[in-house]
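Peer 1: As they're listed, the protein sequences go chains A and B.
Add 56 to a position in the first sequence, counting from 1, and you land on the number used in our numbering.
Add 661 to a position in the second sequence, counting from 1, and you land on the number used in our numbering.
None of these hints come from the bench; they were simulated from the model.
What you are looking at is a predicted structure, and each value in this text was computed from that prediction instead of being measured.
Watch out, some of these pointers could steer you wrong.
Using 30 Å as the maximum straight-line C-alpha spacing, the simulated DSS-like pairs for lysine-lysine come out as follows [as the list claims (entries may be wrong)]:
1) A:K175 x B:K783
2) A:K92 x A:K115
3) A:K316 x B:K729
4) A:K87 x A:K276
5) B:K728 x B:K699
6) A:K59 x A:K455
7) A:K316 x B:K699
8) A:K276 x A:K316
9) A:K316 x A:K92
10) A:K92 x A:K175
11) B:K729 x A:K276
12) A:K316 x B:K723
13) B:K723 x B:K699
14) B:K728 x B:K783
15) A:K87 x A:K316
16) B:K783 x A:K92
17) A:K175 x A:K115
18) A:K59 x A:K87
Stretch-level coverage of chain A by chain B, calculated; a stretch enters the list once three of its residues show a Cβ under 8 Å from a Cβ in chain B [said to hold, decoys possible]:
19) 183 to 191
20) 273 to 286
21) 292 to 304
22) 427 to 441
23) 445 to 451
Where a beta carbon is used, it is the ideal one built from N, C-alpha and C, also for glycine.
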Amino acid sequence: MMKRVVITGIGVVSSIGLGANGFMNALRNGKSGISKIEAFDTTGFQSDQGGEVHDVEPKAWIRRLDATTIGRSSHFSIGAARLAIEDSGIDPQTLSMMRCGVTVGTTDGESQAIEYLTKQWIDSGPEYLDISVIRQVPADRLAVSVAREFGLRGEAATLATACAAGNYAIGHAYDMLRAGEADFMLCGGADSICRKTFTGFYRLGAIAPLACQPFDLHRKGILTGEGAAILLLEPLDTALLRGARIYAEVLGYGTNCDAKHMVAPDPDSIANCMRLAHANAGITPNDVDYISAHGTGTRTNDAVEAAAIREVFGNSPPPTSSVKSMIGHTMGAASALASAACALAIYHGFMPPTINFHTSDPDCNLDCVANTSREAELNIVQNNAFAFGGNNAIVVFKKMVSA
Amino acid sequence: MKHENTAVAITGFGVISPIGIGAQEFTTGILEGRSGLKPINGVVANRVPFEQACVIPEFEVKTYLGKKGTQSMDRTTGLAVAASGMALRHSGFAITPANETRSGVVLGTSTGSMRSISTFTKETFVQHPPYLVSATEFPNTVMNCAAGQCAIWHNLKGINATVSGGRLSGLLALRYASLKLRLGYTDLLLAGGVEEFCEHTAWAFHHLRQGLRNESLPIGEGCVMLALEKSAAARCAGRYVRAEILACEIQMCPLAQQPNCGQLSEGLANCIQAALDSAGVSPRDVWGVSLQGCASELGDPETRALTTILKENTSVQYLRISPLVGETYSAAGVFQIAAVLARLSHSPAHERVVLVTSFSHGGSVGCAVLRG
Chain A
57 MMKRVVITGI GVVSSIGLGA NGFMNALRNG KSGISKIEAF DTTGFQSDQG GEVHDVEPKA
117 WIRRLDATTI GRSSHFSIGA ARLAIEDSGI DPQTLSMMRC GVTVGTTDGE SQAIEYLTKQ
177 WIDSGPEYLD ISVIRQVPAD RLAVSVAREF GLRGEAATLA TACAAGNYAI GHAYDMLRAG
237 EADFMLCGGA DSICRKTFTG FYRLGAIAPL ACQPFDLHRK GILTGEGAAI LLLEPLDTAL
297 LRGARIYAEV LGYGTNCDAK HMVAPDPDSI ANCMRLAHAN AGITPNDVDY ISAHGTGTRT
357 NDAVEAAAIR EVFGNSPPPT SSVKSMIGHT MGAASALASA ACALAIYHGF MPPTINFHTS
417 DPDCNLDCVA NTSREAELNI VQNNAFAFGG NNAIVVFKKM VSA
Chain B
662 MKHENTAVAI TGFGVISPIG IGAQEFTTGI LEGRSGLKPI NGVVANRVPF EQACVIPEFE
722 VKTYLGKKGT QSMDRTTGLA VAASGMALRH SGFAITPANE TRSGVVLGTS TGSMRSISTF
782 TKETFVQHPP YLVSATEFPN TVMNCAAGQC AIWHNLKGIN ATVSGGRLSG LLALRYASLK
842 LRLGYTDLLL AGGVEEFCEH TAWAFHHLRQ GLRNESLPIG EGCVMLALEK SAAARCAGRY
902 VRAEILACEI QMCPLAQQPN CGQLSEGLAN CIQAALDSAG VSPRDVWGVS LQGCASELGD
962 PETRALTTIL KENTSVQYLR ISPLVGETYS AAGVFQIAAV LARLSHSPAH ERVVLVTSFS
1022 HGGSVGCAVL RG
């Protein structure tokens, strides 16, 4: 008999707010986290906007490890994990005595470490690379750093499945728990603003000049962002036993691969992924009250996603909004932050808005909860995530009705 | 034994290694104790800090996979795509429209292609304006590129995951894949790990080694992909079960600020014991151990841990693959498994239990229990 799995802690480090409450208030108010990018020199680019996280101090979150040896993405993942543990009310000692694993999704890992070393190589040659920065490069550090900071004993894995990685991490954590391979899981995603990724998307003509406008007729692309979200997951029975606040149940997930093109999304494959997620969660499209879209704000993604949604849901799909309109595309953190948004939306009864929305696009034609959040009783929601490499992952969450 | 009716089998493997390409050549290489160490000349265009490494100069992406679709394919992806094809052929599992959505890939890599990422990043600094980078190279700079290309080349439309775990990457891929098979998400997964040789990893390796006292392994490269299925399904279809995965346990050992050998060996010993318990195997029944074998400035926590657990078993065979293929990092764990498969195929018998142990200085420890 498989165990049921619930979310009992939410930790968020984002450009619109810290912690579960800070993030929820920002989502409710449709706040924008977009500002001029400071992490790297944007000279020579026509756009310089992004969703940077400002004013975070490693010392506030990193206590056991040496903060000077921690890269920015690991710093975010540790911070979000600490906020999730505090939010859950669980004694950190309990976590370190039980089998608590960590799964963190990412696109670029410690990209700023790689940028730093690349610059060193150009300026001084490969003989002069900084060893302490080299040590930060392997992406497994994102998960391992969380485990070490909190003295955890379970498996620590970084899942590098690009922009769907957060959902992969939550899905894997759900599997570990329901199969009885772990007692608790900290799971989510983390990424830092990245010069390489910004430039790559810019080269593809996919960076918007000022604002991310998912599903808008005049949408001009993504804005890159950064941050992390970590959720504490545990089996329903232990959550009930310790009287934990339960944000939502993880009902199931689906993941598949287009196996067609590295970059262009495939509507049929995405529709199949939705059907797979629904089947694994034991629901039908009619049960879904709200969709948290991948909604990047590129012409292609939003049109393909909307087409796939209509293929599965028919002509009156549920309201579908994109938190990327507020925080930009946070890459490997994106679907973890969106999952945190889903859990908060279910628990507090509202739909996050798609901000910057002005003109409906007939190619999308969705109720995208335009510009202002909406109060709503949500029972079941789905969180979409698609990535380069044709990696699709969709997680389904459900409201817990107290017994 | 636990998981008896959901046991996961290895039905084939593809290997591209410094001691041979393909399962047969690799097996011969192991039996001969062939060294993969050779001059680097010509393998990379730029200066590297040593003259020899365990490289595979005979593996060139375009000659191996053909020119179609490989114009901008990097070495990491080429290795993974080629080894995946070998694993499929070796297993006899044919991908068809009927099974393609239940067939997938789980690939271990800690960074993706360092050459692709570093080269692209460098271009953003040296081009004027900075965005005059190559659009076709951009997808290579994302860590899941290799797994995505494996799916495209071999039509694998099911689970497609990329796991990063440093030296634990191979066992993480094995554990991830085994869990998905047992839970019924999928019928076939190619699981493995890949590491390419390039200037960037060579220099990083060189710098990291400076601080180590007794690190003697040269840097290596290569890829191993394992074809995994449920044992019952594989047997039913008449495919040869080369080994079964009885358990795969991965843990973190709590470390102090500065990790030491005692903590790592204790953590690894706990992990080995947990894997044996999960497999329902006694230390007396262990026939062999395939070692990671990377001693370091921390001493040798692996030998210490194994001595603790296997103290009453004096007949254990130790397989050492890293002296032949070098330090292959993300591929190290799957090279250890490939060495087991090679050894078992050379002298077929039944019910031999082999452990595969793995650890990293960050505190990750792992142990797989195989039977074949």
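Peer 1: Which numbered hints does this structure break?
Peer 2: Checked against the structure, the hints that fail are numbers 7, 9, 11, 15, 18, 20, 21, 22, while the rest are satisfied.
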